[in-house]
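*Asks:* The primary structure of each chain is shown beneath.
Protein chains: 2
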Amino acid sequence: MPQHKLPEKFVLQNGEILHQASLHYEIEGEISNQKEIIWICHAFTGSATVKSWWPSLYFENGGFIDPKRHTVICANILGSCYGSTGPESINPDTNKKYGDEFPEISNRDVIKAFIDLRKSLNITNIDILIGGSLGGQQALEWSLIEPEIIQNQALIASNAKHSSWGIAFNELQRQAISLGANNSISKNEAIAIARKIAMLSYRSYDDFELNQKGKNEQDDWNIVSYLNYQGEKFKGRFSTDSYFILSKMMDNHNIASARNGSLEQILSLVKTNTLCIGIDSDNLFPLKEQGLMAHHIPNAKLEIINSKKGHDAFLIEGNKISRLIEKNFKKNYYEKA
Amino acid sequence: MPQHKLPEKFVLQNGEILHQASLHYEIEGEISNQKEIIWICHAFTGSATVKSWWPSLYFENGGFIDPKRHTVICANILGSCYGSTGPESINPDTNKKYGDEFPEISNRDVIKAFIDLRKSLNITNIDILIGGSLGGQQALEWSLIEPEIIQNQALIASNAKHSSWGIAFNELQRQAISLGANNSISKNEAIAIARKIAMLSYRSYDDFELNQKGKNEQDDWNIVSYLNYQGEKFKGRFSTDSYFILSKMMDNHNIASARNGSLEQILSLVKTNTLCIGIDSDNLFPLKEQGLMAHHIPNAKLEIINSKKGHDAFLIEGNKISRLIEKNFKKNYYEKA
Numbered sequence: 001m002p003q004h005k006l007p008e009k010f011v012l013q014n015g016e017i018l019h020q021a022s023l024h025y026e027i028e029g030e031i032s033n034q035k036e037i038i039w040i041c042h043a044f045t046g047s048a049t050v051k052s053w054w055p056s057l058y059f060e061n062g063g064f065i066d067p068k069r070h071t072v073i074c075a076n077i078l079g080s081c082y083g084s085t086g087p088e089s090i091n092p093d094t095n096k097k098y099g100d101e102f103p104e105i106s107n108r109d110v111i112k113a114f115i116d117l118r119k120s121l122n123i124t125n126i127d128i129l130i131g132g133s134l135g136g137q138q139a140l141e142w143s144l145i146e147p148e149i150i151q152n153q154a155l156i157a158s159n160a161k162h163s164s165w166g167i168a169f170n171e172l173q174r175q176a177i178s179l180g181a182n183n184s185i186s187k188n189e190a191i192a193i194a195r196k197i198a199m200l201s202y203r204s205y206d207d208f209e210l211n212q213k214g215k216n217e218q219d220d221w222n223i224v225s226y227l228n229y230q231g232e233k234f235k236g237r238f239s240t241d242s243y244f245i246l247s248k249m250m251d252n253h254n255i256a257s258a259r260n261g262s263l264e265q266i267l268s269l270v271k272t273n274t275l276c277i278g279i280d281s282d283n284l285f286p287l288k289e290q291g292l293m294a295h296h297i298p299n300a301k302l303e304i305i306n307s308k309k310g311h312d313a314f315l316i317e318g319n320k321i322s323r324l325i326e327k328n329f330k331k332n333y334y335e336k337a
Numbered sequence: 001m002p003q004h005k006l007p008e009k010f011v012l013q014n015g016e017i018l019h020q021a022s023l024h025y026e027i028e029g030e031i032s033n034q035k036e037i038i039w040i041c042h043a044f045t046g047s048a049t050v051k052s053w054w055p056s057l058y059f060e061n062g063g064f065i066d067p068k069r070h071t072v073i074c075a076n077i078l079g080s081c082y083g084s085t086g087p088e089s090i091n092p093d094t095n096k097k098y099g100d101e102f103p104e105i106s107n108r109d110v111i112k113a114f115i116d117l118r119k120s121l122n123i124t125n126i127d128i129l130i131g132g133s134l135g136g137q138q139a140l141e142w143s144l145i146e147p148e149i150i151q152n153q154a155l156i157a158s159n160a161k162h163s164s165w166g167i168a169f170n171e172l173q174r175q176a177i178s179l180g181a182n183n184s185i186s187k188n189e190a191i192a193i194a195r196k197i198a199m200l201s202y203r204s205y206d207d208f209e210l211n212q213k214g215k216n217e218q219d220d221w222n223i224v225s226y227l228n229y230q231g232e233k234f235k236g237r238f239s240t241d242s243y244f245i246l247s248k249m250m251d252n253h254n255i256a257s258a259r260n261g262s263l264e265q266i267l268s269l270v271k272t273n274t275l276c277i278g279i280d281s282d283n284l285f286p287l288k289e290q291g292l293m294a295h296h297i298p299n300a301k302l303e304i305i306n307s308k309k310g311h312d313a314f315l316i317e318g319n320k321i322s323r324l325i326e327k328n329f330k331k332n333y334y335e336k337a
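Listed in order, the protein sequences are those of chains A and B. Position one of the first sequence corresponds to residue 1 (full-length UniProt numbering), numbered consecutively onward. Position one of the second sequence corresponds to residue 1 (full-length UniProt numbering), numbered consecutively onward.
Derived from the structure by calculation, the hints contain no laboratory data. All values derive from a computational prediction rather than experimental measurement. Heads up, the beta-carbon is just placed ideally off N, CA and C, and yes, glycines get one too. It is possible that some hints are incorrect.
DSS-like, lysine-lysine: derived pairs with alpha carbons at most 27 Å apart [unchecked claim]:
no.	chain 1	residue 1	chain 2	residue 2
1	A	Lys248	B	Lys288
2	B	Lys112	B	Lys5
3	B	Lys301	B	Lys288
4	B	Lys233	A	Lys187
5	B	Lys248	B	Lys288
6	A	Lys233	B	Lys187
7	B	Lys288	A	Lys213
8	A	Lys215	B	Lys161
9	B	Lys96	B	Lys5
10	B	Lys161	A	Lys213
11	B	Lys233	B	Lys248
Derived list of chain A stretches under chain B, where covered just means 3 residues or more per stretch with a C-beta under 8 Å from a C-beta of chain B [to be verified]:
no.	segment
12	37-49
13	168-177
14	203-212
15	233-247
Could you put together the complete structure from these sequences and hints?
*Replies:* Put into C-alpha cells, the structure is as follows:
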C-alpha cells in the first residue's frame with residue numbers, strides 16, 4: 001500500500017489548507033525507460049486498484065494493457081475513502097475525523113496532488129493518460145496543466161463542464177443521503193438509495209428491458225431486486241461524506257472556470273494528443289459532450305461505442321476501449337514502442 | 001363538485017372490495033346529441049379539473065377543445081387524493097382513514113369505475129378518449145373493454161405495458177418516501193424528494209441545459225433551486241399513500257395480463273380508431289413504446305412531437321397535440337360534426 005505524503009500544507013484551489021495529507025497509489029510494473037507509463041484516473045467510487053474495477057482493460061482479459069510493455073499507475077483521489085486523505089481521515093488539527101467538515105476538493109486539487117506524486121516518482125513522461133467519467137474530467141484538467149508531460153489521453157464518457165442534468169442527479173443523491181442522516185440506520189439505507197438513483201443515470205432503458213424484465217419467483221420485480229442488490233453492495237463500501245465531496249467535485253467541473261477564455265477556447269489550448277470516446281446509450285454524459293470536446297481540442301478524435309449499457313459501458317466495455325486506444329494512438333504511441 | 005357513487009360493494013381486480021366508494025368528476029358542457037363527448041383520463045398527479053393542468057388543449061389557449069362543440073368529462077381516479085375514494089378517505093368499515101391499508105388499484109379497476117359513471121350519465125358514445133402517460137394506459141384499457149363506446153382515442157406518451165425502466169424510477173420514489181416515513185417532518189420532505197426524482201424522468205438533459213444552466217445570485221445551481229421549488233410546490237398537494245397506490249398502478253400496467261394472448265395479440269384486438277403520439281425527448285415513455293402500440297393496433301397512426309421538454313411535453317405541448325388530433329381524427333370525427 002504505497003502512500004505518498006503531500007507537502008505538509010497542501011493549499012486547495014479555494015484557499016483552504018489540508019495538513020499532512022497523503023495519496024494512496026498503486027504501481028503495476030516498474031518505472032524505467034523500457035516501459036511505457038499508463039496513468040489511470042479513476043471515477044467517482046473507484047480506487048487505486050485498477051484491476052479490481054476495470055479488469056477488461058488488461059491483456060489477460062482481452063484488453064490492451066500488457067505488463068511486458070506497460071507500467072500502470074493509479075492514485076486514489078483526495079476526498080475519497082480508499083486510502084487517500086478524505087472525510088474518513090483524522091484531521092491532525094483536531095485529532096478527530098474530518099467527517100462533513102472536510103474541505104471542498106476540485107478536480108484541479110486532485111491533479112495538483114497527482115503532479116506532486118508524479119514528481120516524487122521522477123516521472124517526466126506519461127505515455128497515455130486514461131480517465132472515464134469523473135476520471136476523464138481530471139485527465140483533461142491535467143493535460144491543460146502539464147501539456148509537456150501528457151503525450152496521449154483517452155477521455156471516456158466524460159465532459160469539459162458538468163451538465164445541469166448531471167448536477168440534478170448528484171444533488172438528489174445527496175438529498176436522499178441527508179434525508180437519512182437523522183439516524184444511523186437510515187443513513188446507511190440512504191446511501192443505498194443514493195446508489196440506486198445513480199444507477200438510473202449509469203444504465204439505460206434498453207439495459208433494464210433486456211436484463212431485468214418481469215418478476216422473480218418471489219413475485220418481486222427483477223429490476224427492483226437488482227437495484228436493491230446494488231444498493232446493499234454499496235452500503236458497506238463507501239462513505240457518505242466522501243459521496244458529498246466527490247459528487248460536488250464533479251458538479252463543479254468546468255475547465256473554463258478561473259481560466260482566461262470560453263470553454264471552447266480553453267479546449268483549443270489542449271496540446272495532448274486526445275481521443276474522446278462516447279457511448280451511444282450514455283444518459284449521464286451524452287455523446288454531445290464528447291463531441292464538443294473532440295470538436296474543439298486540436299486534432300482530437302471522436303470514437304463512439306455502441307452499447308446498451310449506458311454510462312456504465314465505460315467500465316464494462318474495456319475491450320472495445322482497448323481497441324480504440326490501440327487504433328488511435330498507434331502513430332503517436334505504438335510506433336515508438 | 002359532482003360525485004358519483006359506485007355500487008356499495010365495488011369488487012377490485014384482485015378480489016378485494018371497496019365499500020361505498022365514489023368518483024369525483026367534472027363535466028364541462030352538457031351531454032346531448034348536439035355535442036361531442038371528449039373524455040379525458042388524467043395522469044399520475046392530475047385531477048378532474050382538466051383546465052387546471054392541461055390548459056393548452058383548450059380553444060381559448062390555442063387548443064382544439066371548443067365549448068361550442070365539445071363536452072369534456074374527466075373523473076378523478078380511484079386511489080388518488082383529488083376527490084375520488086383513496087387512501088385519504090374514511091374506510092367505512094373502521095371509521096378511520098385508509099392510509100397505507102388502501103387496497104391495490106389497477107388500471108382496469110379505474111376503468112370499471114369510469115364505466116359505471118359513464119352508464120349513470122347515459123353516455124353511449126365517446127367521440128374522443130384522450131389520455132397521456134398513466135391516463136393513456138387507462139384509455140387503452142378502456143378501448144379494449146368497450147370498443148363499441150370509444151370511437152377514437154389519442155394515447156399520448158404512453159405504453160401498453162410499463163417498462164422496467166419506469167418501474168425503477170417509481171420504486172426509487174417510493175423508497176425515498178419510505179426513508180422519510182420515520183417522522184412527519186422528513187415524510188413531508190421525502191415526498192418532495194420523490195417528486196424531484198420524478199422530475200428527472202419527466203424532463204430531459206436538453207431542457208435542463210437550456211433553461212436551468214449555471215448559478216443564481218445566491219451562488220446556488222439554478223437546476224437545484226428549480227428542483228427544490230418543484231418539490232416544495234408538490235409537498236402540500238399530494239398524499240404519500242396515493243403516491244404509492246398510483247405509482248404501483250402504473251408499474252402493474254400490462255394489457256396482456258389476465259387476458260388470453262401476447263401483448264402484440266391483445267393490441268391487435270383494439271377496434272377503436274387510435275392515434276399514438278410520442279415525444280422525441282421522452283426518457284420515461286420512449287418513442288419505441290408508442291411505436292409498438294401503433295404497429296400492432298389495427299390502422300393506428302403514430303405521430304411524433306419534437307420537443308426538448310421530455311415526457312412533460314405531453315402536458316406542455318397541448319397545442320401540438322390538438323393539431324395532431326384535428327388532423328388524424330378529421331375523417332372519423334370532424335366530418336361527422
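*Asks:* Taking the hints in turn, state whether each one holds.
*Replies:* To see whether the hints hold, each was checked on the structure:
no., hint, verdict
1, A:Lys248 / B:Lys288, "violated, 35 Å"
2, B:Lys112 / B:Lys5, "holds, 13 Å"
3, B:Lys301 / B:Lys288, "holds, 14 Å"
4, B:Lys233 / A:Lys187, "holds, 26 Å"
5, B:Lys248 / B:Lys288, "holds, 22 Å"
6, A:Lys233 / B:Lys187, "holds, 26 Å"
7, B:Lys288 / A:Lys213, "holds, 16 Å"
8, A:Lys215 / B:Lys161, "holds, 14 Å"
9, B:Lys96 / B:Lys5, "holds, 19 Å"
10, B:Lys161 / A:Lys213, "holds, 11 Å"
11, B:Lys233 / B:Lys248, "holds, 23 Å"
12, 37-49, "violated (count 0)"
13, 168-177, "holds (count 6)"
14, 203-212, "holds (count 5)"
15, 233-247, "violated (count 0)"
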